[in-house]
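Colleague: Now for the letters of each chain:
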Amino acid sequence: KAGVTQTPRYLIKTRGQQVTLSCSPISGHRSVSWYQQTPGQGLQFLFEYFSETQRNKGNFPGRFSGRQFSNSRSEMNVSTLELGDSALYLCASSPSDRGGTDTQYFGPGTRLTVL
Amino acid sequence: AQSVTQLGSHVSVSEGALVLLRCNYSSSVPPYLFWYVQYPNQGLQLLLKYTSAATLVKGINGFEAEFKKSETSFHLTKPSAHMRDAAEYFCAVSEGYQLIWGAGTKLIIKP
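Line order of the protein sequences matches chains X and S.
Position 17 of the first sequence, counting from 1, maps to 17 under our numbering, and the rest follow consecutively.
Position 90 of the second sequence, counting from 1, maps to 90 under our numbering, and the rest follow consecutively.
Any given hint could be a false lead.
Stated by the list, open to error - Within a straight-line C-alpha distance of at most 20 Å, the following computed EDC-like cross-link-like pairs (lysine to aspartate or glutamate) qualify:
1. Lys68(S) with Glu95(S)
2. Lys58(S) with Asp102(X)
3. Lys57(X) with Glu95(S)
4. Lys57(X) with Asp102(X)
5. Lys58(S) with Asp85(S)
6. Lys13(X) with Asp102(X)
7. Lys57(X) with Glu75(X)
8. Lys57(X) with Asp97(X)
9. Lys106(S) with Glu15(S)
10. Lys49(S) with Asp102(X)
11. Lys49(S) with Asp97(X)
12. Lys49(S) with Glu15(S)
To be verified - Derived list of chain S stretches under chain X, where covered just means 3 residues or more per stretch with a C-beta under 8 Å from a C-beta of chain X:
13. 35-48
14. 96-103
Worth flagging that the hints you see were computed from the coordinates, not collected in a lab.
Backbone N, C-alpha and C define an ideal beta-carbon position, used for all residues, glycine too.
So here's chain S without its partners, still in its complex pose (with noise of 0.2 Å):
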């Protein structure tokens, strides 16, 4: 079974500087991968998806991924952070059917 590993269950960065989450995944294949984010009370909206069509993957709000095989990563990443950003992040990877989870990374924006 595929497992997705999330470093870091809080990440804190200043408003306006590098956001970086961090995905690491098991698979001998190059799966179907995924980035969503959850606001408070609300269920999970799709980030980015990569298929394999390009190891850069960009996203809505400013977001992108790029997928290294090599690493078996699948990291997020936005240049500039904006306190709207303020959210729990999951990275999912498809098994069959279904999506296997990360654990959520909370992203902390400091004004």
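Just chain X, same shape as in the assembly (with noise of 0.2 Å):
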């Protein structure tokens, strides 16, 4: 099986821009999580979709949104950029509806870089 895939990979963007990054989760994975890992807060829960539906976001402002699509492929859009959002964002999806206490497997990351 493919794993979970990532585009693009590197981006660079200028404040005040809007970005949307792409997930692709294992085939027949219905639960897709994002993170943000940066190297003075490491990483920090994004949002997790199960289904089409959020189930459960973190502490990041409205900028930061998500979407799932019936066939598990999710988005992340950020808008507004802010230099602060420089980060390694991290997809993550798993098998089940168990959440957090499941196997959560990652992609490679898109790398984004807010001048």
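Build the complex from these two chains, which are given one at a time in their own frames, with help from the hints.
Modeller: In structure tokens:
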């Protein structure tokens, strides 16, 4: 089975712009989670989707949003980019609806740089 | 809310020496606990997972971890370090639909 894929792998944007990141989970996985990883804050949970429904959201401003499609692919969007949004954005999928108790399989991440 | 503490942002060991990476969690009930590894410029890979079936959990690449409820700890060990083990290691605890992460420990292997 192919692993979790994320596109693009690298992205450079300027402040005030908007960005959309894409994640394709492992075939058959219906849960997708997003994390932001920065040197200062470490790994922080953004949101989790299961069957197109957002079940949980982390403590991020409303500029961060996401969605999941019927084929389980997911996108996250960040509007009005700020310098502090520069980070590695990781997507993870898991096969069941058990949420955090299930093993999560991670993609390679999208490295976003905001100038 | 739960929290995870990893003692030591960097741990340096010689090749062939014992690896010990520390993780403590805060939870009033036995949680699900995970260790993940991240190699440079890559995503995270599961090393092992505690699900209350056994207190000693064996993972990939020769790693294992022991769950100690009395100490609220889940330390990761490997008897003999290899150069390829150089990476960042993260401990995480499940909370609802998400994972709560430790800050990570970078493992440095000296030749």
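Colleague: Please go over all the hints and tell whether each is borne out by the structure.
Modeller: A quick look at each hint next to the structure:
1. Lys68(S) with Glu95(S): holds, 19 Å
2. Lys58(S) with Asp102(X): holds, 17 Å
3. Lys57(X) with Glu95(S): Status holds; Cα separation ~12 Å.
4. Lys57(X) with Asp102(X): The given pair, whose Cα atoms are some 17 Å apart, holds under the 20 Å limit.
5. Lys58(S) with Asp85(S): OK: Lys58(S) and Asp85(S) at ~16 Å, within 20 Å.
6. Lys13(X) with Asp102(X): violated, 34 Å
7. Lys57(X) with Glu75(X): Holds - the C-alpha atoms of Glu75(X) and Lys57(X) are around 14 Å apart, at most 20 Å.
8. Lys57(X) with Asp97(X): holds, 16 Å
9. Lys106(S) with Glu15(S): The given pair, whose Cα atoms are some 15 Å apart, holds under the 20 Å limit.
10. Lys49(S) with Asp102(X): Cα-Cα ~9 Å, so holds.
11. Lys49(S) with Asp97(X): At roughly 17 Å apart (the allowed maximum being 20 Å), Asp97(X) and Lys49(S) satisfy the hint.
12. Lys49(S) with Glu15(S): Between Lys49(S) and Glu15(S) the Cα gap is close to 25 Å, so the pair fails against 20 Å, i.e. violated.
13. 35-48: Our answer is that it holds, as 7 residues pass the Cβ test (under 8 Å) against chain X, meeting three.
14. 96-103: holds (count 8)
Hint violations for this structure: numbers 6 and 12, all remaining hints satisfied.
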